[in-house]
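For this one, chain A is given, so just place chain Y on it according to the hints.
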Amino acid sequence: MIALGEQTRETQTSKLHAFDSLHPTIQLGCFAAILILTMVTIHPIFLALSFVAAFSFCGFARGWKTALATLAWQAPLVLLCAAINPLFSSAGTTTLFHLGSKAVMAESVVFGGCMGLMLAAVILWFCAASAVLTSDKVMAVLGSRLPSIGLMVSMTMRLVPQFVERGRLIEGNLRAVSAAAPQNSQEVVGGRIRLVSTLMGWSMEDSLERADAMKARGWGATKTRTTYKRYQFRRFDAVALALCGVLGALSAVSAWLVCSRWQFYPALGSLAPWWAYLPFALFMFLPLLACISENVRGGNGRNLL
Amino acid sequence: MKQLLKQLEIPALVGVPVVLLLCAFFRVAQTAVLSLGIVLVALLIFFVNYETAKPALRQIMPTVVLGALAAAGRILFAPIPNFKPVTALCILAGVVFGRRAGFMVGALAALVSNFFFGQGPWTPWQMYAWGMIGYGAGMLAERGWFKHPVVLYGYGFLSAIAYGVLLNTWHVIGFVKPFTWQGALLAYGASLPFDAIHAVATVAFLLVIFAPWRKKLERIKKKYEL
Numbered sequence: 001m002i003a004l005g006e007q008t009r010e011t012q013t014s015k016l017h018a019f020d021s022l023h024p025t026i027q028l029g030c031f032a033a034i035l036i037l038t039m040v041t042i043h044p045i046f047l048a049l050s051f052v053a054a055f056s057f058c059g060f061a062r063g064w065k066t067a068l069a070t071l072a073w074q075a076p077l078v079l080l081c082a083a084i085n086p087l088f089s090s091a092g093t094t095t096l097f098h099l100g101s102k103a104v105m106a107e108s109v110v111f112g113g114c115m116g117l118m119l120a121a122v123i124l125w126f127c128a129a130s131a132v133l134t135s136d137k138v139m140a141v142l143g144s145r146l147p148s149i150g151l152m153v154s155m156t157m158r159l160v161p162q163f164v165e166r167g168r169l170i171e172g173n174l175r176a177v178s179a180a181a182p183q184n185s186q187e188v189v190g191g192r193i194r195l196v197s198t199l200m201g202w203s204m205e206d207s208l209e210r211a212d213a214m215k216a217r218g219w220g221a222t223k224t225r226t227t228y229k230r231y232q233f234r235r236f237d238a239v240a241l242a243l244c245g246v247l248g249a250l251s252a253v254s255a256w257l258v259c260s261r262w263q264f265y266p267a268l269g270s271l272a273p274w275w276a277y278l279p280f281a282l283f284m285f286l287p288l289l290a291c292i293s294e295n296v297r298g299g300n301g302r303n304l305l
Numbered sequence: 001m002k003q004l005l006k007q008l009e010i011p012a013l014v015g016v017p018v019v020l021l022l023c024a025f026f027r028v029a030q031t032a033v034l035s036l037g038i039v040l041v042a043l044l045i046f047f048v049n050y051e052t053a054k055p056a057l058r059q060i061m062p063t064v065v066l067g068a069l070a071a072a073g074r075i076l077f078a079p080i081p082n083f084k085p086v087t088a089l090c091i092l093a094g095v096v097f098g099r100r101a102g103f104m105v106g107a108l109a110a111l112v113s114n115f116f117f118g119q120g121p122w123t124p125w126q127m128y129a130w131g132m133i134g135y136g137a138g139m140l141a142e143r144g145w146f147k148h149p150v151v152l153y154g155y156g157f158l159s160a161i162a163y164g165v166l167l168n169t170w171h172v173i174g175f176v177k178p179f180t181w182q183g184a185l186l187a188y189g190a191s192l193p194f195d196a197i198h199a200v201a202t203v204a205f206l207l208v209i210f211a212p213w214r215k216k217l218e219r220i221k222k223k224y225e226l
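For the protein sequence lines, the chains are A and Y, in the order given. Per the numbering used here, the first sequence starts with residue 1, numbered consecutively. Per the numbering used here, the second sequence starts with residue 1, numbered consecutively.
Okay, chain A solo, but in the shape it has when bound (with noise of 0.2 Å):
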């Protein structure tokens, strides 16, 4: 039986539609647990299928110009991290080569690396989890845990396209007084403040009538506030959760035993065989593969299971 929420759910991009229509405790559970297992493994290994996994579903999400872009502009601390702080750590034992007094460590050069693989992977999970966790469902998940603070972050969001409106208005009335046009550059940068300065007087008072208003409309009435819940938790979201934590769970496992027996100093340890990262990769690699498969049979997320 399918539940009769599922049709009227709202998906932004029909591509994401598999990952999208999940409940969106899921999707914030989801990623938070792939972001702490991308920082606490460091390990090369893991360290690269993280990384892949973030730039193909952040290409895949919201376009590959934008993950480049994304990395390109974190580019600098990145590379400090990977290539420049190993040539001045003299850690390790086998040397690859001596850059002026000082000898440059492959154990360094291989930390390093793999620091800048986790910055880099760190960044990307975050815009990749933008496109799916939009500011509405963040709100959904955290607002009615916080309601003063939900109410404060919606408010805001909704605040900033006003005051660029407002901002517009105010500038077009201060223009029609052709009279009083500024002379001179001081002037310009004079009526700058000044159309700030009206805008945050006639924000603030109309903020406070608002109060008020809300009020006279019963805010606050009751000892607990009860809200229209727009995302529902449905039998098909029970399967991916438990899907998701299995898996979660299992990566975790045979990251933690990975790592244990991996080090890089003295020298670096040896690989585990390949098997050993399948749970994690698989885990990585979800989000994605659940997005194509459903893009490949064409139906919706029910498909996937």
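FYI, nobody ran anything at the bench for these hints, they're computed from the structure. Check each hint, because a few of them may be wrong.
[Said to hold, decoys possible] Simulated pairs of lysine-lysine, DSBU-like, Cα-Cα distance not exceeding 35 Å:
id, chain 1, residue 1, chain 2, residue 2
1, A, Lys137, Y, Lys147
2, A, Lys223, Y, Lys221
3, Y, Lys223, A, Lys215
4, Y, Lys54, A, Lys229
5, Y, Lys54, Y, Lys215
6, Y, Lys54, Y, Lys6
7, Y, Lys216, A, Lys229
Chain Y alone, transformed into the frame defined by chain A:
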């Protein structure tokens, strides 16, 4: 429980940089995730305390408006790198509406403007850093430190620098490994010009808006009996 959380607020807020430095000192391998966890816990303790105080609608509205103005200002001035009014507005909010409002303005501005700029692992750090600037401004104003304008501009300048240093320190301690002084200095050096712009912008915004806006806000406070 509520009392305990209230007692924990200041230690948790002060504890974030302390834990960051301890992680560096003891060379903790998992610093990246540990430091992110500690900053999230500090933010959560503050938010829960804010929530349990049951702020009235009229109390939260000025905070929301100043937070939205700071976010809009950050977006408006985005073409000039790091020339942003957020720090100045956090200080103003802390001085006029108290330290908790100052913290909330900083946290709201960082969170909301990042929905436009792009969220990242830096979001909780920016929320914390700007929040602390507002919180500190509120605490100093309570003790009457800002009577002399030089102290105010000095605080604005130094807090903008501190903001940059905190975000860099998190990056250096979390990711520049194995830790080397050369690598750390390179990271701080590269961001120095940007931090300098931020500091100058903060003082410039304070010079222009602090006195008139404070007067305006005090008038509104009186008018609406806040």
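Review point. Taking only the CA atoms, is the gap from Lys54/Y to Lys215/Y under or equal to 35 Å?
Key: Holds - the C-alpha atoms of Lys215/Y and Lys54/Y are around 27 Å apart, at most 35 Å.
Review point. Holds or violated: are the alpha carbons of Lys223/Y and Lys215/A at most 35 Å from each other?
Key: holds (18 Å)
Point to revise | Lys54/Y paired with Lys229/A [C-alpha distance capped at 35 Å] | key: Holds - the C-alpha atoms of Lys229/A and Lys54/Y are around 23 Å apart, at most 35 Å.
Check your understanding: Going straight from one Cα to the other, do Lys137/A and Lys147/Y come out at no more than 35 Å?
Key -> violated (44 Å)
Check your understanding: Going straight from one Cα to the other, do Lys223/A and Lys221/Y come out at no more than 35 Å?
Key -> holds (27 Å)
Review point. Does the structure keep Lys216/Y and Lys229/A at a Cα separation of 35 Å or less?
Key: violated (40 Å)
Exercise for review: Assess, step by step, whether the Cα of Lys54/Y is no farther than 35 Å from the Cα of Lys6/Y, and give holds or violated.
Suggested key: holds (13 Å)
Hints 1, 7, counting from the list given before, are not met by this structure.
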